[in-house]
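First to last, the protein sequences are chains A and B. Sequence positions in the first sequence follow numbering that gives the first Met the number 0 and run 0 to 216. Sequence positions in the second sequence follow numbering that gives the first Met the number 0 and run 0 to 349.
Please note that the accuracy of each hint is not assured.
Said to hold, decoys possible - Within a straight-line C-alpha distance of at most 35 angstroms, the following computed DSBU-like cross-link-like pairs (lysine-lysine) qualify:
(1) B/Lys212 - A/Lys106
(2) A/Lys187 - B/Lys321
(3) B/Lys321 - A/Lys47
(4) B/Lys51 - A/Lys130
(5) B/Lys149 - A/Lys60
Just so you know, the hints here were simulated from the structure itself, not pulled from any lab data.
Here's the letter readout for the chains.
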Amino acid sequence: MMVTRVDAIGDACPIPVVKTKNAIKELHGAGTVETLVDNEIAVQNLTKMANQKGYAVKSQKLSDDRFQVTMEISEKAGLSEASQAEPGNALGQEPQECLVAPGARKKNIVVAVTAPVMGTGNDELGAVLIKGFLYALTQQDELPSTILFYNGGATLTCEGSASIEDLKSLEALGVEILTCGTCLNYYKLSDHLQVGGVTNMYEIAEKLTRADLVIRP
Amino acid sequence: MKRGLEMSSEKIVFCKGGGCTAKLGAQALNRVLSLLPKGDPDPDLLVGYSSKDDAAVYRLTDEIAFVQTLDFFPPMVQDPYLFGQIAAANALSDIYAMGGTVKTALNIVCFPEKWDLNILGEILRGGSEKVLEAGGSLAGGHSIADSDVKYGLSVTGVVHPDHIWANNTGRPGDRLILTKALGVGILCTADRVGEAPADGMAAAIRSMTTLNKTAAECCHAYEIHACTDVTGFSFLGHLHEMMDGRLSCRIFADQIPVLPGAMACADEFLLTAAAQRNRNHVGNYVRFDDIPFAMEEVLFDPQTSGGLLVAAAPGDADSLLKDLRGRGLPAAMVGEILAREDQEIQVLYH
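Isolated chain A (complex conformation) (with noise of 0.2 angstroms):
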C-alpha cells in the first residue's frame, strides 16, 4: 500500500488539510497518508476532515511543535476523490496569496422571476408551473448565486404565497434572495416580505450584467 507524507510544517490553517487533500487525491485509490504539521489545531483540523469522510485516523506528538496525522484511505474512498477533478484547486500556486485568482468557478447564476407566473398563456397554470419552477430549483446541483424577484414577481417572496418555503431552503442553501424594494412599495406589499432581502435598481442592474447566465422562468 501507498505511503505518502505530506510536510505542513510552518504552514498556517487551512494548508495543511489542502496539502492533505491533494495527497489523498493523488493516491488513486487506498493508501495511507502522514501530515506532519506544527501545532494541536492542524491536528484538530486534520482530524475533523478525516472524521468527516470516514478516513481511520490517529494523531501522535512527537515532539512540542512536532505532530503527525495518519489517515489510512480505503480504495474506494481513494478512488473516489481521485475521481473528483477540481480544475479551481489551487495548491501548484503560492498559497500565501490572496490575488483574486480568475480559474475554474463556480458559474454565477441568476435567476430573475419578472412576474406571479411563468410562461405566457393561462395564468393558473403559470402560478403552478412557477411553484413547480422554484421548488425544482432547490434539487439542483448547481445553485443559481441569487433570485431577483421584480414587478409581479415581487408577489412570490411575500405572504401569501406558495413558494415561502421552497425560496428559505434556497436562502439556507447560500442562495441569495433578493426583491426590489420599488415593486414591494408600489404592490403595498413593503411589510409583508417574507424571504429575502430588499433590493434596487442599481443592484438588480449590477447583479444581471455581472451574471453569466441569466435564467428568466
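Since chain A is already given, all that's left is putting chain B on it; use the hints.
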C-alpha cells in the same frame, strides 16, 4: 488595486490571512488578563474588562458617558482600500454594539518602510471614508514601521449612562436577532488558497464593509435588552458571553443567514485555526441536534466586521426584524433566550 503592489523584483504579500481570524484565542487571553493588577475599582468605569464586553464605558456626568474601543488587524483581503474600509467598519462596530454614537477616531497603523506609500494611502482612504460615513471625525493617529501591515482605529463615542447595551443583560423570552450573514472567515480563508467562489467573496466583502450603524439605529427604536457584535470569537463564542452563565438559549439553524459559498467551502475543510480554537473554547456549552458539519463550522467561524447580535423584547422582535430587513439588511431571528437549563446553547432545526 493591484497597481502599486509589485515593487521592483520583490514580491509584496499583502494578505497573509488576517482579520479577526488573527485574534488570540479567548482561553489564552483570559489566563493573561486574570493575572493583571486591577487597582481600586472606579465607580464611574461602567464597563471595563471585567465584563468581557465590546468596549469600555466611562461616566462623565449623569447624562453622558464615553465609549472607548481599539481594534486593528492584518489584511484579510488583497485590496488595500477595501482592507481599510473593513478594518474601520470593524473598529466602529464596537461603539454601535454598546448603543453609542461615534464621535472621534484615531488611526493605528503598522507598515513596512520599504513599501509603496500609495498602498498606505489607499488603506487610510478606505478607513477615513468609513469614519465619515459613521458621522465621526478622524482626529489623528500613530504609525509604526513593521515587517507586516496592520491597520485599525481607536474610536471614541458617547452614550447615555442609563442606555448602555451590555452584552450580558438579556432576559428569558428575548428573541435573538442577527443582522449580518455568517461565513466571512471561511470565505477569506478559502480565497487565500484560490478556492472561494467569486460571488461568495464579493458578498463577504460587501458584508464586511457595511457599517453596523443602520442596524443600531433600527434597534434604538425598540426595546433591546442586550447587544454585542459578532467578531473573532464566532457567533457561538459571542453568544456564550451573552448567556453569562445564567441564561440558556435555543438557536434555529434553519434561520441562520449564511453567505453564499461559505457552507461549500466548509465542506471542503477550508477551515481557519481560529474556528477550531473557538470550538475548543465554547464547544462544551453547545449541543447540536442533527446539524450538518458545515453549519457547525459556520457557527464557529470567526467574523471580521460581523453583524450585531441583539436580544430583543419578545413583543418588539417581529417589528424590529421587519424594520431591519426593510432597510436591506440580511437580518434574521435566529433563536430565543431561555431561563438557565443544563444545556446552555442548543442548536436545532425548528
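Each hint tested on the structure:
1. B/Lys212 - A/Lys106: At roughly 34 angstroms apart (the allowed maximum being 35 angstroms), A/Lys106 and B/Lys212 satisfy the hint.
2. A/Lys187 - B/Lys321: holds (14 angstroms)
3. B/Lys321 - A/Lys47: With Cα atoms ~38 angstroms apart, B/Lys321 and A/Lys47 exceed 35 angstroms; violated.
4. B/Lys51 - A/Lys130: The hint is violated at about 48 angstroms.
5. B/Lys149 - A/Lys60: Judged against 35 angstroms, a Cα distance of about 33 angstroms means the pair holds.
Hints 3 and 4 from the earlier list are contradicted by this structure; the remaining hints agree with it.
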